[in-house]
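Participant: For reference, the chains in residue letters:
2 protein chains.
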Amino acid sequence: MKYLVSPSPQEALDALLEGRSDSKKSMATIIGRCKVEYSGRAKSFLDYGDRLVIVKPDGTIMVHSDTKREPLNWQPPGTKIEYSLDDGLTILARRTSPVETMHIHFRKVHALTVFQLEDGAELNLVGEESDLVDKIEKDPSIIEPGLRVLRREKTTDSGYIDLFCEDAKGNTVIVEVKRTLISHNAVYQLEAYLIDFRKKNKEAPVRGILCAPRISEMAKTLADEKGLEYRQIEWDFELKDKKQRSLDCF
Amino acid sequence: MKYLVSPSPQEALDALLEGRSDSKKSMATIIGRCKVEYSGRAKSFLDYGDRLVIVKPDGTIMVHSDTKREPLNWQPPGTKIEYSLDDGLTILARRTSPVETMHIHFRKVHALTVFQLEDGAELNLVGEESDLVDKIEKDPSIIEPGLRVLRREKTTDSGYIDLFCEDAKGNTVIVEVKRTLISHNAVYQLEAYLIDFRKKNKEAPVRGILCAPRISEMAKTLADEKGLEYRQIEWDFELKDKKQRSLDCF
DNA sequence: GTTTTAAGATCGGGC
DNA sequence: GCCCGATGTTAAAAC
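Residue numbers (UniProt numbering), protein chains in the order written: chain A, 1 to 250; chain B, 1 to 250.
Taking lysine to any residue pairs in the SDA-like style, the calculated list, with each CA pair at most 25 angstroms apart, reads:
1. B:K240 x A:R41
2. B:K43 x A:P140
3. A:K80 x A:Y3
4. B:K226 x A:G227
5. A:K80 x B:L125
Calculated directly from the structure, the hints in this document are not laboratory data.
Could you put the whole structure together from the sequences, leaning on the hints where they help?
Facilitator: Okay, structure coming up:
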């Protein structure tokens, strides 16, 4: 790890280039007074001010102010990053597809850290939408007695749908799941699928069920108008380690 | 600015608490071997590994790995952050609405920087959807000769719409604008609005126009089926400083 | 590489 | 505060 306080532009440049040439590429944090110009999907200008700039070895670069979770400017992974001197430290970040450039010029570097992160761990997260779909797939009766899941679907001609089911009477049931709130967008999506399904299946009887812990008022009204059903579904989730997850498969 | 290399937990804690008690609260970057537990909207566990942790004075906290633009774990602005010692430096980040907690424990702090950012500048950005709507509002003929914008709308009973217009023949025209791509969601949204409009206006003639530089194939097919029109619209954008923007108003 | 959808999305605006 | 829609969204999965 290399740390420099108030380095000259040349010293900062040297440290950044050194970190880049390491066998395992380094990442860097730069605290300094800088100006940022961006041009690509949009275009922006940010005049001189103190910011925290983070450069990752995968080509990610972020310019952070002292508020908000989101960076003021950034480039995503895969960006080519070049350092140079031009009356101060300069960073040029470029990529194609889409063509974008971000140019950072430092009037003053207050501090610079070049370092490597050794990390063998992976994030273990539960509570995503797919976990709720899992739960329903395992026990469809939490939606309705007698419901059977025929397919867990992904994309179709008329969009993505979560669960393709059959009810106790043999009717087809399309289930759309959201982890938190059903908004009217989800209602349109489900309706569109049903319209398409009926068209392709000669008006076969099919029901649509929206499934979530909550639904917005507008979505509920819309759903009622369109004859779509809503099932409130409460859920919780517990972390499992990988060993337990594997055992669950048996 | 305070910088510590390989500080003891106590030294790290002292530096963080000192920065917090400054008249202008400081922010901090912590490079170290840590474990992260999160529970709230979802739940996650991240075992020990080296990461870059950023704490902002507005309560934002992020745990970054050496890849990706997105943090592994985080809490948004407004979060209450507490530092303590517990066989190593510990950070507890808590908020209500929703109730969430994130717990970070450091086995080792490699480096810690506490600093303040002076920044009087604001990001000046163009190329958002609203800029494209502006352009159309100024010269609706780029969509169609004789088109007049009656209202630039916000929310209605059946959703949000961008531009409420009238064509040369006096028909109502609803325009939906996207800055990049029209996907089928936009088609559903516009269709829903038209259905609602016709219902409320006794089947008055109304056209729907989708307006963007690009449309997905599925969206185009859907739009055709539903009798909605698509106008490809190319655009560029130039930055203007605030003075010019003000002058533009006159 | 394009398209589609989820995200612990975040963020801002309107009510 | 809830709800809605944009974001230079990012990221992942399916095709």
